[in-house]
Amino acid sequence: MFGFFYTILVFLFSFFVFSFLLQNLAKVFLLQNQPRALKEAIEKVSEALGVAHLDTVMMALPPTSLENDPLNEHLKASWLELQQLVAAGSIASLGTSDLDVSQLETLYHWAEVKPVSNQVNLASCCVMPPELTAFAKKFDIQLLTHNDAADILPAAAFESAVGDALNIPAAGWTPVWVLRYSVVIKCRGVIKCKGFLVGAWRHL
Amino acid sequence: MGLLVEGVPLSWEQTKELAEYVHFHGIQQFINIYNRLKDRQRDVLKWGDEVEYMLLKFDHVEKKVHLLARSEFVLRDLKLLGEKQDPETLRKNIKYRRGEKVAINVPIFRDKNTPSPFVELFSDEASSRAALPDHIYMDDMGFGMGSSCLQLTFQACSISEARYLYDQLAPLCPIMMALSAASPLYRGYVSDIDCRWSVIAASVDDRTREERGLEPLKNCKFRIHKSRYDSIDSYLSTFGEKYNDLELVKDEKLYEQLLQAGIDHLLAQHIAHLFIRDPLVIYSERIEMDDEQESDHFENIQSTNWQTMRFKPPPPNTTIGWRVEFRPTEVQLTDFENSAYVVFVVLLTRVILSYNLNFLIPLSKVDENLKSAQKRDAVRQSKFYFRKDIGTGGNPELSCCCPNVNNADSDNEEFTLMSIDTIINGKEGVFAGLIPIINSYLENMYVDVETRCSIFNYLRLIRKRASGELKTTSCWIRNFVAAHPDYKQDSVVSDHINYDLLIRCDRISRGLEDCPELFDKPINKSKLPTQPNGPKCL
Numbered sequence: 001m002f003g004f005f006y007t008i009l010v011f012l013f014s015f016f017v018f019s020f021l022l023q024n025l026a027k028v029f030l031l032q033n034q035p036r037a038l039k040e041a042i043e044k045v046s047e048a049l050g051v052a053h054l055d056t057v058m059m060a061l062p063p064t065s066l067e068n069d070p071l072n073e074h075l076k077a078s079w080l081e082l083q084q085l086v087a088a089g090s091i092a093s094l095g096t097s098d099l100d101v102s103q104l105e106t107l108y109h110w111a112e113v114k115p116v117s118n119q120v121n122l123a124s125c126c127v128m129p130p131e132l133t134a135f136a137k138k139f140d141i142q143l144l145t146h147n148d149a150a151d152i153l154p155a156a157a158f159e160s161a162v163g164d165a166l167n168i169p170a171a172g173w174t175p176v177w178v179l180r181y182s183v184v185i186k187c188r189g190v191i192k193c194k195g196f197l198v199g200a201w202r203h204l
Numbered sequence: 001m002g003l004l005v006e007g008v009p010l011s012w013e014q015t016k017e018l019a020e021y022v023h024f025h026g027i028q029q030f031i032n033i034y035n036r037l038k039d040r041q042r043d044v045l046k047w048g049d050e051v052e053y054m055l056l057k058f059d060h061v062e063k064k065v066h067l068l069a070r071s072e073f074v075l076r077d078l079k080l081l082g083e084k085q086d087p088e089t090l091r092k093n094i095k096y097r098r099g100e101k102v103a104i105n106v107p108i109f110r111d112k113n114t115p116s117p118f119v120e121l122f123s124d125e126a127s128s129r130a131a132l133p134d135h136i137y138m139d140d141m142g143f144g145m146g147s148s149c150l151q152l153t154f155q156a157c158s159i160s161e162a163r164y165l166y167d168q169l170a171p172l173c174p175i176m177m178a179l180s181a182a183s184p185l186y187r188g189y190v191s192d193i194d195c196r197w198s199v200i201a202a203s204v205d206d207r208t209r210e211e212r213g214l215e216p217l218k219n220c221k222f223r224i225h226k227s228r229y230d231s232i233d234s235y236l237s238t239f240g241e242k243y244n245d246l247e248l249v250k251d252e253k254l255y256e257q258l259l260q261a262g263i264d265h266l267l268a269q270h271i272a273h274l275f276i277r278d279p280l281v282i283y284s285e286r287i288e289m290d291d292e293q294e295s296d297h298f299e300n301i302q303s304t305n306w307q308t309m310r311f312k313p314p315p316p317n318t319t320i321g322w323r324v325e326f327r328p329t330e331v332q333l334t335d336f337e338n339s340a341y342v343v344f345v346v347l348l349t350r351v352i353l354s355y356n357l358n359f360l361i362p363l364s365k366v367d368e369n370l371k372s373a374q375k376r377d378a379v380r381q382s383k384f385y386f387r388k389d390i391g392t393g394g395n396p397e398l399s400c401c402c403p404n405v406n407n408a409d410s411d412n413e414e415f416t417l418m419s420i421d422t423i424i425n426g427k428e429g430v431f432a433g434l435i436p437i438i439n440s441y442l443e444n445m446y447v448d449v450e451t452r453c454s455i456f457n458y459l460r461l462i463r464k465r466a467s468g469e470l471k472t473t474s475c476w477i478r479n480f481v482a483a484h485p486d487y488k489q490d491s492v493v494s495d496h497i498n499y500d501l502l503i504r505c506d507r508i509s510r511g512l513e514d515c516p517e518l519f520d521k522p523i524n525k526s527k528l529p530t531q532p533n534g535p536k537c538l
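Chains as they are written, first to last, in full-length UniProt numbering: chain P, 1 to 204; chain F, 1 to 538.
Because the hints were derived from the structure by calculation, they are not lab data. All of these numbers come straight from a predicted model, not from anything done at the bench. One thing to keep in mind: the hints can contain errors.
Across the chosen pairs, the derived CB separations fall in these ranges [stated by the list, open to error]: (1) F:G48 to P:A150: 38 to 46 Å; (2) F:V51 to P:D140: 30 to 38 Å; (3) P:A150 to F:G188: 53 to 61 Å; (4) F:P485 to P:D140: 57 to 65 Å; (5) P:L21 to F:E428: 36 to 44 Å; (6) F:P485 to P:V127: 40 to 48 Å.
Cross-link-like lysine-lysine pairs, in silico, DSS-like; alpha carbons within 27 Å at most [claimed, not checked]: (7) F:K250 to P:K186; (8) P:K186 to F:K38; (9) F:K383 to F:K464; (10) F:K250 to F:K371; (11) F:K312 to F:K226; (12) P:K186 to F:K226; (13) F:K92 to F:K221; (14) F:K250 to F:K16; (15) F:K312 to F:K112.
No residue lacks a Cβ here, since even glycine has one placed at the ideal position from N, Cα and C.
Generate the whole structure from the sequences, applying the supplied hints.
Now the structure itself:
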């Protein structure tokens with residue numbers, strides 16, 4: 001399904017769409033605690049979409065990272081990278097994924113560029129913790145839903161994707177990031193295109 | 001809703017004489033709108049639903065319920081007076097044009113003690129002749145047009161998108177009708193149909209005997225196959241052209257008038273087909289007008305063609321764009337259910353546009369589906385022609401069937417028979433399912449939690465109605481009658497049964513009572529209650 005290449009699924013439509021009517025959204029899943037992967041992912045998707053900047057980038061840390069990181073060091077390191085990208089004009093706004101209220105609060109008060117949104121799992125959309133909703137409302141943070149698996153790219157999927165797409169063995173390559181992008185036509189709720197990118201590294 | 005105009009309606013004789021005038025100027029008005037607004041782009045999505053209600057008067061002493069014919073007082077309170085309707089003129093003129101009163105015959109439900117054959121005695125000869133054995137007979141517009149519908153209109157970003165969506169939603173009309181079935185009872189009897197569509201179709205059928213093919217054509221111009229209230233007869237987009245397999249009766253002169261004005265064949269034939277119908281109500285103050293500025297004559301014919309879909313041009317001198325109206329859905333008892341059906345269709349349109357889907361099948365098959373959709377318990381028992389490959393092949397998340405699946409009846413055809421459950425919820429190896437496709441779309445839209453929770457509740461209702469876990473309103477009504485102590489298994493709905501049923505409907509409608517067989521309590525911070533499976537439908 002994915003590999004270290006970009007798949008752009010362009011849904012052609014019979015009318016001409018002006019670019020300022022489009023919204024570019026991306027969610028980066030860090031599979032390793034490698035903050036510099038963020039810059040690479042953002043650069044790659046911007047290149048693929050042919051855009052100078054992305055409207056919103058949401059970030060998801062590696063699955064167990066938040067639990068093993070009581071001082072939120074990984075979260076902060078990644079966020080610093082993202083803030084640099086905002087300062088450089090590559091990203092307009094930032095969002096987080098699956099942060100609980102205390103993590104979100106800590107990040108919010110510490111960060112220079114405040115998160116505009118936090119994603120929560122679809123399963124909980126009808127049973128939201130009241131403290132989280134209250135905090136989000138107070139600081140104007142949108143709570144958005146997602147249905148992404150915690151393990152977004154299992155090893156087997158990565159291996160078969162690399163094999164299928166690039167015809168090389170996956171051995172030696174480590175997937176570091178996954179990025180999902182959507183380009184949406186504003187005010188009409190129509191997806192213009194969407195897809196995934198994957199970044200994998202290896203030691204030379 | 002129809003045209004709302006102030007003024008005095010002309011007599012039928014005067015109206016008849018102006019038919020050609022209205023046709024000519026109506027076409028001209030359409031041409032003017034088309035030429036002025038055909039290149040209009042980028043209109044945002046706006047949509048609205050139209051819920052029709054009945055006014056009832058409860059007699060708690062006699063335990064009877066009557067229709068309350070006092071709408072002008074309610075309209076005054078709602079400050080809607082000044083925009084009078086004239087259903088009375090419409091009703092009379094339909095009868096005059098037709099040459100006799102309308103004849104509605106609905107098959108009666110055969111229960112254990114239902115007389116066989118079921119024959120009612122009527123005092124007038126016309127009724128005795130028109131009433132069919134084993135049918136429930138009705139003879140007036142009110143029986144049909146008094147039914148309540150749920151209609152949805154949304155704005156497209158351009159005329160192309162409107163034509164594309166009009167076509168794509170047409171095959172979904174029978175599906176939504178079966179899924180929303182809510183009309184099993186007529187004139188005090190239990191019928192064998194679950195939907196109102198054919199009843200309304202017959203109730204405003206103004207075709208003469210010649211037009212209906214009962215006599216050779218002499219005074220009338222065309223043999224017309226359907227009532228002016230019925231399903232669409234042609235697709236509007238170029239995708240759809242090859243699936244237009246119904247004979248399309250059209251006024252050739254008006255068709256030429258449209259082509260001369262630069263309108264393409266598909267749109268010209270659509271309008272020329274609508275215009276085979278005569279105006280039924282004309283107001284004396286609204287005859288002569290500026291065809292560049294007004295569209296009354298166009299709207300007169302347009303709004304008295306009541307079809308499963310309606311393609312709506314922008315009214316002149318407004319900011320409103322090209323619109324599409326989705327009209328087959330039966331109205332439900334509660335706001336929650338109505339919202340669910342409406343939101344489901346709106347989300348479907350977003351999905352159709354996002355993934356460039358194609359649901360088109362020959363219109364003759366869509367019409368067959370519409371007949372199936374109205375049958376008793378169609379949602380669980382009928383199968384519907386549905387396109388096998390709707391174009392999700394380019395998207396691995398949505399890929400459906402194994403191309404090697406062997407289908408007995410339609411191996412090489414583009415469509416096959418599917419149940420409502422398969423169409424809505426999907427079936428491994430057969431079809432992805434409309435709800436799974438909608439969920440996939442929503443995952444890419446980053447929806448906020450409150451909206452997502454509402455949508456979750458709505459889709460859960462649709463999912464369970466399609467699978468049969470929840471009853472349609474029609475099924476629930478049938479069960480209510482069957483279980484009532486007064487019911488004698490003879491298909492008769494007594495005043496007392498009617499009263500008890502409507503009391504219950506009213507209470508559910510106002511949220512005073514739950515009805516777990518019809519819908520789950522929407523989740524919001526409370527746990528989902530478990531629903532037992534109810535008894536089968538009648």
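Here's how the hints hold up against the structure:
1. Checked against the hint of 38 to 46 Å, the pair F:G48 and P:A150 passes, with Cβ atoms roughly 40 Å apart.
2. In this structure the supplied range 30 to 38 Å holds for F:V51 paired with P:D140, their Cβ-Cβ distance being about 34 Å.
3. Checked against the given bound of 53 to 61 Å, the beta carbons of P:A150 and F:G188, roughly 59 Å apart, stay inside it.
4. The hinted range of 57 to 65 Å is satisfied by F:P485 and P:D140, whose Cβ atoms lie roughly 58 Å apart.
5. Restraint check, P:L21 to F:E428: a C-beta distance of roughly 38 Å satisfies the suggested window 36 to 44 Å.
6. Our hint of 40 to 48 Å for F:P485 and P:V127 holds, since their Cβ atoms are close to 42 Å apart.
7. Taking the CA atoms of F:K250 and P:K186, the gap is about 40 Å. The hint is violated against a cut of 27 Å.
8. Only pairs whose Cα atoms come within 27 Å are accepted, and P:K186 paired with F:K38 is accepted, the gap being roughly 22 Å.
9. At most 27 Å may separate the alpha-carbon atoms for a hinted pair to count; F:K383 and F:K464 meet this at roughly 17 Å.
10. A C-alpha spacing of about 24 Å is found between F:K250 and F:K371, which places the hinted pair at or below 27 Å, so the restraint holds.
11. Annotation: proposed proximity of F:K312 to F:K226 holds, straight-line Cα distance about 21 Å (limit 27 Å).
12. Between P:K186 and F:K226 the alpha-carbon distance is near 41 Å, which puts this suggested pair outside the 27 Å criterion.
13. Our distance criterion of 27 Å between C-alpha atoms is met by F:K92 and F:K221, whose separation comes to about 22 Å.
14. This hinted pair checks out: F:K250 and F:K16 have alpha carbons roughly 19 Å apart, not beyond 27 Å.
15. Taken as a hint, the F:K312 and F:K112 pair is broken in the structure, with Cα atoms around 48 Å apart against an allowance of 27 Å.
The structure fails hints 7, 12, 15 (numbered hints given earlier, in ascending order).
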